[in-house]
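Peer 1: All chains, full assembly: derive it from the sequences and hints.
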Amino acid sequence: MTHKFVVRFLDDADALVGWAEVQAEARPQAPRGASCPFWPVAEGPTSFVAERAATVTKFSVHWCELDVARVRDMPPCALEAGQVGLFVWFEPVWLVSGMRDVPLPTVTVRGPVTLQPLMGELGTRVGSQ
Amino acid sequence: MAVGAFTFYNRSKNNLSNAFTLRAGNFRMQLHTSASNAATATLSTIASVTNEVTEANGYSSSGKALASRVWTAGTSAGQMKFDGDDIFWSANGGSISNMKFLVFWASGASAGARKLLGRIQLSTAAFSLSAGNRMTVQFPSGGIFTLA
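For the protein sequence lines, the chains are A and B, in the order given. Residue numbers for the first sequence, in our numbering: 15 to 143. Residue numbers for the second sequence, in our numbering: 112 to 259.
Treat the hints as calculated values from the structure; they're not laboratory data. Treat the numbers as computed from the prediction; the structure is a model and nothing was measured. Idealized CB from N, CA, C, for every residue including glycine. Among the hints, a few may not be true.
[Unchecked claim] Taking CB as the label site, the calculated pair distances span:
#1 A:37 to B:129: 46 to 52 Å
#2 A:63 to B:161: 29 to 35 Å
#3 A:86 to B:129: 48 to 54 Å
#4 A:126 to B:223: 36 to 42 Å
#5 A:89 to B:197: 43 to 49 Å
#6 B:158 to A:132: 26 to 32 Å
#7 B:221 to A:51: 50 to 56 Å
#8 B:125 to A:63: 47 to 53 Å
[Stated by the list, open to error] To spell it out: a stretch of chain B is covered by chain A in this simulated footprint if at least three of its residues, at any positions, have a beta carbon under 8 Å from a beta carbon of chain A; those stretches are:
#9 223-236
#10 244-253
Peer 2: Structure representation (structure tokens):
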């Protein structure tokens, strides 16, 4: 089963340089307890557009549905605004339960977006359908 | 972005009986940032909710009215639903920045009368909408919330 992850590319000050949406599998592995590696479904690198000129030094993987995220260092990569960066996944990123409230910069949506919230419930009645 | 469900504030359940009515009240929705306390269940009035999205580029403070509000029979016998038109904001001339919460509140003449109804977390992490694009919140077909 795949889930949506948002991968952010950050500079030294943890400011956003670019981001990409990645469909990936989280594969829990019993011996490792409450943790699982992040496996992108698509083969090949993940591409993103640099929103400003900056040097990328970190990236974050954010499992949106669970609001679990991890920030990792990466080799510095200088980019110009508008330049497309390619990021090669050479090893899985481990996500561990409890990695909540990781400060992440705001991403900018560059197309129309429709959000579909779930219905709320004021209360329940025994036997209600 | 993972969108949450409509969630009541603690006091809003009490306010249903003495501060506003779902059938006749006028309600508004406004956007709040990731720095907001909008997820705090004990808030009472809209004035106590911090960090509304900055008024600019297509977003006006105090948000928008909930149009076509209804409190009517739901999808099953004995169920009532609260519903209204979907809502949208369009970014014009720049981005609408740092959106995370949509907060519902009752219109009132005084600040103390502007009681909170509930909120929806639009995303687990805040997002901005770039110029020329529209963000639509499409409420469930069964209603924004129900009383079963």
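Peer 1: For each hint, tell me whether it holds in the structure or not.
Peer 2: Here is what the structure says about each hint:
{"no.": "1", "hint": "A:37 to B:129: 46 to 52 Å", "verdict": "holds (49 Å)"}
{"no.": "2", "hint": "A:63 to B:161: 29 to 35 Å", "verdict": "holds (33 Å)"}
{"no.": "3", "hint": "A:86 to B:129: 48 to 54 Å", "verdict": "holds (53 Å)"}
{"no.": "4", "hint": "A:126 to B:223: 36 to 42 Å", "verdict": "holds (38 Å)"}
{"no.": "5", "hint": "A:89 to B:197: 43 to 49 Å", "verdict": "holds (45 Å)"}
{"no.": "6", "hint": "B:158 to A:132: 26 to 32 Å", "verdict": "holds (28 Å)"}
{"no.": "7", "hint": "B:221 to A:51: 50 to 56 Å", "verdict": "holds (55 Å)"}
{"no.": "8", "hint": "B:125 to A:63: 47 to 53 Å", "verdict": "holds (49 Å)"}
{"no.": "9", "hint": "223-236", "verdict": "holds (count 6)"}
{"no.": "10", "hint": "244-253", "verdict": "holds (count 9)"}
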